[in-house]
Structure formats: structure tokens, C-alpha cells
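Just need the whole structure built from these sequences, with the hints factored in.
For the protein sequence lines, the chains are A and B, in the order given.
For the first sequence, the residue numbers in the UniProt record's numbering are 1 to 244.
For the second sequence, the residue numbers in the UniProt record's numbering are 1 to 244.
Check before you lean on any hint, since a few could be wrong.
As the list claims (entries may be wrong) - Pair ranges (Cβ atoms, derived): (1) 171(B) to 184(A): 32 to 38 angstroms; (2) 142(B) to 183(A): 22 to 28 angstroms; (3) 15(B) to 98(A): 35 to 41 angstroms; (4) 208(A) to 142(B): 23 to 29 angstroms; (5) 44(B) to 219(A): 42 to 48 angstroms.
Simulated from the structure, these hints should not be mistaken for laboratory data.
A virtual CB, placed ideally from N, CA and C, is assigned to each residue, including glycine.
There are 2 protein chains.
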Amino acid sequence: MSGWLAIAGLGPGDDRLVTPEVTATLAEATDVVGYIPYVARVAPRPGLTLHPSDNRVELDRARAALQMAAEGKRVVVVSSGDPGVFAMASAVFEALEGRPDWQTLDIRVLPGITAMLAAAAASGAPLGHDFCCINLSDNLKPWEVIETRLRHAARADFAMAFYNPRSASRPEGFTKALAVLREECGEGRLITFARAVSTPDQRIVTVALGEATPEMADMRTVVIVGNSATRRVGRWVYSPRSVR
Amino acid sequence: MSGWLAIAGLGPGDDRLVTPEVTATLAEATDVVGYIPYVARVAPRPGLTLHPSDNRVELDRARAALQMAAEGKRVVVVSSGDPGVFAMASAVFEALEGRPDWQTLDIRVLPGITAMLAAAAASGAPLGHDFCCINLSDNLKPWEVIETRLRHAARADFAMAFYNPRSASRPEGFTKALAVLREECGEGRLITFARAVSTPDQRIVTVALGEATPEMADMRTVVIVGNSATRRVGRWVYSPRSVR
Chain A
1 MSGWLAIAGL GPGDDRLVTP EVTATLAEAT DVVGYIPYVA RVAPRPGLTL
51 HPSDNRVELD RARAALQMAA EGKRVVVVSS GDPGVFAMAS AVFEALEGRP
101 DWQTLDIRVL PGITAMLAAA AASGAPLGHD FCCINLSDNL KPWEVIETRL
151 RHAARADFAM AFYNPRSASR PEGFTKALAV LREECGEGRL ITFARAVSTP
201 DQRIVTVALG EATPEMADMR TVVIVGNSAT RRVGRWVYSP RSVR
Chain B
1 MSGWLAIAGL GPGDDRLVTP EVTATLAEAT DVVGYIPYVA RVAPRPGLTL
51 HPSDNRVELD RARAALQMAA EGKRVVVVSS GDPGVFAMAS AVFEALEGRP
101 DWQTLDIRVL PGITAMLAAA AASGAPLGHD FCCINLSDNL KPWEVIETRL
151 RHAARADFAM AFYNPRSASR PEGFTKALAV LREECGEGRL ITFARAVSTP
201 DQRIVTVALG EATPEMADMR TVVIVGNSAT RRVGRWVYSP RSVR
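Structural data, given as C-alpha cells:
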């Protein structure tokens with residue numbers, strides 16, 4: 001029996017947003033590995049071992065999963081959203097560096113509905129034109145890189161989606177990000193705070209940048225800043241398809 | 001019986017990437033509206049009327065769908081990928097402008113697996129760090145806007161995903177885009193051409209920018225350019241999670 005490793009996206013929360021590919025793959029797995037709240041979304045069954053682990057141990061978790069696959073197990077590493085967007089896929093490939101024995105394993109990435117696209121859908125179509133996607137956490141990069149990217153994104157007139165906008169331990173980063181955005185985009189630019197999208201706690205709020213406060217975001221929030229043409233219609237917000 | 005309108009994403013092609021939410025919504029529909037090849041992906045059944053239409057009539061199609069929903073029909077507008085990414089959602093919201101009667105309709109956007117995330121998954125994790133997403137078609141915006149965005153994206157060190165890179169009628173845009181990218185990112189930067197992702201015709205090729213030629217892309221291709229840290233490991237390409 002040869003082992004394999006699948007890196008699967010569970011989507012933003014609603015089970016109706018889990019792809020049949022992911023569901024079928026989980027049904028064949030012997031082991032599921034991931035951050036505690038994501039593993040908790042997988043139903044236990046005989047023959048399946050769940051391996052929940054804490055946050056910020058991504059590389060250790062990736063190595064443990066690869067080791068199990070190398071031993072012949074059928075392993076699914078679960079992420080919320082899409083595993084390729086600020087999630088476990090990069091960590092698994094990083095763990096392959098220097099390990100040619102693992103590089104020949106059967107490894108697949110199974111895409112999922114990433115939070116920004118579920119947030120965009122819940123609010124209208126704010127990402128309907130060119131956009132960018134930035135992880136605002138400064139765990140893995142310096143603030144200066146984030147600020148440079150925000151300024152280029154604004155000058156490119158991209159709509160912007162932000163993941164991990166505001167951690168409890170270092171909330172000041174998002175305050176600085178809002179100041180940069182106001183300076184670059186003006187007070188009138190639309191900003192949407194989409195919290196816990198597709199779950200019973202979902203809350204979507206759109207305001208002008210001048211009215212946005214840091215407390216509107218937490219780590220369960222995806223923030224979407226419109227481009228210069230993004231506008232409201234009815235109860236929705238959308239970015240027109242054309243630049244005129 | 002009150003009508004509704006759902007704008008649904010069918011994913012990149014493989015039926016296992018269609019969400020259960022979309023499948024369930026299609027099962028309740030009376031009418032399906034969309035571009036010919038996307039409507040062809042919906043199985044006919046008694047009680048369901050299919051309304052395939054040609055490309056480049058997005059606003060007319062949106063208005064026809066809204067009119068049917070206003071008349072009490074249960075209408076699904078289908079897009080490939082995600083309806084909020086260069087697809088029908090923006091067109092539907094645009095069609096609501098000036099129509100307060102339509103703005104009170106039950107309208108929902110159902111997210112789907114967009115092509116760039118399926119392409120990223122098939123090639124590894126090239127979008128595992130900050131990235132942007134640009135429609136290279138100059139149907140709806142001037143080339144100067146595209147060029148400005150490419151330069152800002154390169155200077156922000158975003159990975160980049162391109163939709164509609166090269167049309168048969170105006171192939172020269174992608175030639176110019178490659179020249180801008182070489183100038184900004186250098187010849188060694190990795191570029192992935194992902195054609196017909198998740199279909200039997202899938203073909204993934206990664207080369208250095210200096211080896212990329214315009215003919216490697218067509219309208220069924222998503223192109224992903226790495227950031228300065230994007231690298232190969234084994235048969236995959238990925239962007240590390242950290243900026244050091």
C-alpha cells in the first residue's frame with residue numbers, strides 16, 4: 001500500500017463550500033493533520049487518526065505529515081479556505097527542501113474556497129476587477145515590506161484583500177495600515193469588514209475609509225478595500241469591470 | 001412563488017470542484033443563464049430552461065436574468081471559476097444601477113474555485129505569499145493601465161496571476177507584458193503557464209522568464225509569475241511564507 005499526502009482546503013466554514021474532491025479524499029484518508037480548529041471540522045470515524053496541533057508549528061506539522069506519507073499512510077493536511085493562500089501548502093513544499101526522499105511522494109494540493117472570495121461574494125463583487133491579496137501579519141515579514149506593498153497596491157489602483165488584519169497581541173499594525181490607506185486612497189474609499197464569512201457569526205460591514213476604525217477587524221475578519229471605482233448599489237458593493 | 005437570482009461559480013472544469021452549494025442551487029433553478037460553454041456544463045432536466053448566450057454580452061445577459069427573477073423565476077447565472085473574479089457578478093451589480101425595482105430582489109453570489117487557485121494547486125504553491133491578480137485583456141481597460149499595474153506589482157514583489165493573457169485577435173498585449181516583466185523582474189524569475197486546469201487537457205509548464213515566449217499562453221491559460229523568492233522544489237514551484 002503506497003502512501004500519499006493531500007493538502008486540502010476546507011473552505012471558509014460552511015460545509016456546503018467544501019468541494020466533493022476534498023470530501024472524497026478525506027473519506028480515503030488514514031490520518032488528518034492540521035491546526036486544532038480545522039481538524040475539528042473533520043468527522044471522526046474508525047480507521048481515521050486525527051492529529052490536531054497548535055498554531056505556528058507549520059513546518060513541524062508538514063514534516064510529520066510527510067513522514068507518515070513516506071511510511072505508507074494516506075495523509076490529508078487540512079487548512080481552512082484554500083491551502084495555497086497563506087496556509088499549509090507552502091509549508092509542505094518548504095519541508096521538502098533538502099529531502100529528495102520525500103520529493104518523490106504522491107503529493108497533491110486540493111484547492112478550496114479562500115476567505116476573500118467568500119467575503120467578496122457575501123458583500124457583492126468588490127474583487128471583480130484587478131486586485132491584490134496581502135497578509136497583514138508581521139510574523140513572517142517586516143512592517144516595511146507591508147507598507148511598501150500597500151503603497152504600490154494603492155498606486156496601481158488594485159482592490160485589496162487583507163488576511164490576518166489584526167492580531168490580539170500586535171494590533172497596532174492594522175492601525176498603521178489604515179493610516180497608509182487613508183493617505184494613499186483618501187477618506188471616501190470603500191472598505192468592507194467581513195467577519196466569520198459563511199458561518200452563523202457572519203457579519204459584513206462596509207464603510208468609507210474615513211469612518212473605519214481598527215476595532216472593526218480581528219483575526220476572523222477579511223478586509224477588502226475597493227479600488228477608485230468601487231461603488232455601492234442597493235445593499236451591495238462592487239467593482240465595475242471597466243476602466244474608462 | 002417569489003423569484004431569486006444566484007450568480008454561481010462552476011469552478012475551473014472538473015465537476016469535483018463544484019461546491020455542494022452550487023449543485024443544490026442548480027437543482028432548484030427554473031432557468032440557467034450564461035456564456036455557451038458554461039451553460040453546456042449544466043445537465044438538462046424537465047422544468048429547467050437553459051439560456052446560453054455568446055461572449056461579450058454580459059450586461060444584456062445580466063438584465064435578462066434579473067428580469068426573469070423579477071417575474072418570479074429561480075434563475076442561476078453561471079460563470080466558470082468564481083463569479084466574482086473577472087466574471088458575471090460585477091455585470092449583474094452593474095445592471096442594478098438605476099433599477100431600484102431590481103435592487104430589492106433576492107440576489108446571492110455563490111463562490112467557486114477560481115482558475116488561478118486551481119492552477120496554483122496544480123503547480124505547487126506559487127501564490128502562497130502576497131500576490132495580485134490582473135486581467136490582461138485590454139477589452140475593458142487601456143494598455144497603459146495594465147502596464148502601470150505590472151510595474152507596481154513587480155516593485156511590490158507580488159507574485160502575479162494573469163487571466164485572459166493572450167487573445168487570438170490581439171496577441172501583441174502579452175508580448176508587451178512579457179517585455180515589461182523581464183525588465184522589472186529579470187530573466188531568471190519563474191513563470192508558470194497553466195492551461196485548461198483540472199480538465200483532461202491540463203498542461204502545466206514552468207520556465208524562467210527569459211525562456212518564456214508569447215505562444216506559451218492562450219485564452220485557456222492562467223499565467224502565474226512568482227515573486228523574487230519563488231523557487232522550485234522537486235516537480236513543484238512554491239513561494240516561501242516568509243520574507244527574511
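Hint check results:
1. One distance hint, 32 to 38 angstroms for the beta-carbon pair residue 171(B) and residue 184(A), holds here, with the actual separation near 34 angstroms.
2. For the hinted restraint 22 to 28 angstroms between residue 142(B) and residue 183(A), the CB-CB distance of approximately 27 angstroms keeps it satisfied.
3. Our hint of 35 to 41 angstroms for residue 15(B) and residue 98(A) holds, since their Cβ atoms are close to 38 angstroms apart.
4. At roughly 28 angstroms, the beta carbons of residue 208(A) and residue 142(B) sit within the given window of 23 to 29 angstroms.
5. A C-beta distance of roughly 45 angstroms is found between residue 44(B) and residue 219(A), which places it inside the suggested range of 42 to 48 angstroms.
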